[in-house]
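K.L.:
Read off the chains here:
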Amino acid sequence: MAARPRNTGLVVGLVLVGLVVLAALVSFLWTPHDPVKVDAAHRLLGPGGANLFGTDKFGRDVVSQLMVGARTTLYVGVVAVGIAAVIGTPLGILAAMTPRWLGEFVMRVNDLVLAFPALLLAIMFGAVFGADTLTAMVAIGIATIPSFARIARSGALQILSSEFVLAARSAGRSRLTIAVRHVVPNISGLLIVQASVSFAIAVLAEAALSFLGFGTRPPTPSWGRMLQESQELLTSYPRLALVPGLAIAVAVLGFNLLGDGLRDRLDPRLAARL
Amino acid sequence: MLEVRGLGIRDLVRDVSFEIGAGERVGLIGESGSGKSLTALSVMGLLPEELTASGSIRLDGRELLGVSEKDMSRLRGNELAMVFQEPMTALNPAMRVGRQVAEPIRIHGTHREPRKAAEELLDSVGLPGTSRAYPHQLSGGQRQRVVLAIALANNPKLLICDEPTTALDVTVQAQILGLIRTRLAERSALLFITHDLAVVAEVCERVLVMLDGELVEAGTTREVLTAPKHEYTRELLAASDLEARR
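Residue numbers (the UniProt record's numbering), protein chains in the order written: chain H, 1 to 274; chain S, 1 to 246.
Mixed in with the good hints there might be a few duds.
[Claimed, not checked] According to the in silico footprint, chain H covers these stretches of chain S (three or more CB under 8 Å from chain H): (1) 30 to 38; (2) 74 to 84; (3) 101 to 114.
Calculated directly from the structure, the hints in this document are not laboratory data.
Beta carbons are placed, not taken as given, at the ideal position from N, Cα and C, and that holds for glycine.
Can you build the whole structure from these sequences, using the hints too?
P.N.:
Shown next as structure tokens:
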């Protein structure tokens, strides 16, 4: 394999995601100010000085809120994608290995869930179980299961029809071990890409839910709620909406680029061809 | 040792009967779509889901048709083994070669150290030190040797080769054929599917000829290739360049 083709998307994605992760990690140890301390004397300060991006209408430091908010964002993304991957992947592979009618049935149910808007599901969950970060994560996770199941099934069907699976069976491998040792490693590239893209969607969904008041409860900082709180000040203090909005855009773009870049790198067949 | 009686698969294979004794090398020839591969797959119990075989296939007197998948997988890779046509797709691209060779040994517990046995097997097919390579790092011929090493791992009673040399160039073909002849145990039987008559002449003692799902001729390689009885075999011979090479 000679020089790999330059993968600018992957690098940019890694940098953006790294930025968000770094902000979240540092926030555990240090933030410029207490992100939740209300300080009426210093409300709506402009950028610069002691507060890099200024303060909001309650006098809280925007940078500190942003950093702690990154924690919420990643937390929701990891748990939601985790739920979706852990349930969706085996479901999809199983649907590919069972008799055709059963697999078709599973996939039609899957389509039904897929057709249901994630935000609506999360709002329903919020109404029933009480709106907080956990219900939002679980709801987003459940709504993401179908996309994993779908990807896993189509990938598994392709792998299962390949000659090396026939060869593995002719070597005496049972169906279950074929699923674990032959199917999963060969669709892992697909799944990682899906995880990255789903992560971006989950970040967006969490922000939207918090914006609507169905996500993270105050006073825990969240990018979505920062947006919502700045809504009434949009014309007079646009930067208060701009900063969390940009943070969301950076995270979403980062995970999308990472997903695309990883697909090119991880697929062993693609890598072999490059 | 292998006894096939009245094998039928829908109307794709009709009333095929033949026997292969221990240590016998038998060729199965015929054009694409004549049912050669289906016959082989039904012996392995690997027919596609929507097809079922009727009739009887016995290995050392044991009936193989209708046997559960679990019992069948106990035989596969152990007493029955198969080499596939396309070495590019017959190996898992995401698994190191050594692990793939060790698989049948590990599954059937035939050797205490599967890893070591796998390396010896790779040595024996002329690929020393490749156990840590991924399939895409090997050439087509090298991959086919890996496939052969996997098939031979447990000294199968019956080795089925489904056009193992079709996808390879002529010099590599000769190497693979040589390996099959030298590495296959004396007592192991071989069912060699091909449409290359020169290969049959080189490897097989007996030949079966299939046409449109039926067995139309059977006999020693010499008989069939020098004095074909069936019209189709005659055409096949005329179409091949076997005469020119002899």
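K.L.:
Between the segment 74 to 84 of chain S and chain H, are there enough contacts, at least three residues with CB-CB distance under 8 Å, for the coverage claim to hold?
P.N.:
holds (count 9)
K.L.:
Cut-off 8 Å, C-beta pairs, minimum 3 residues; does the coverage of the segment 30 to 38 of chain S by chain H stand?
P.N.:
violated (count 0)
K.L.:
How does the segment 101 to 114 of chain S fare against chain H when you require at least three residues with a CB closer than 8 Å, holds or violated?
P.N.:
Coverage by chain H holds for the segment 101 to 114 of chain S (4 residues, Cβ < 8 Å).
Hint compliance for this structure: hint 1 alone is broken.
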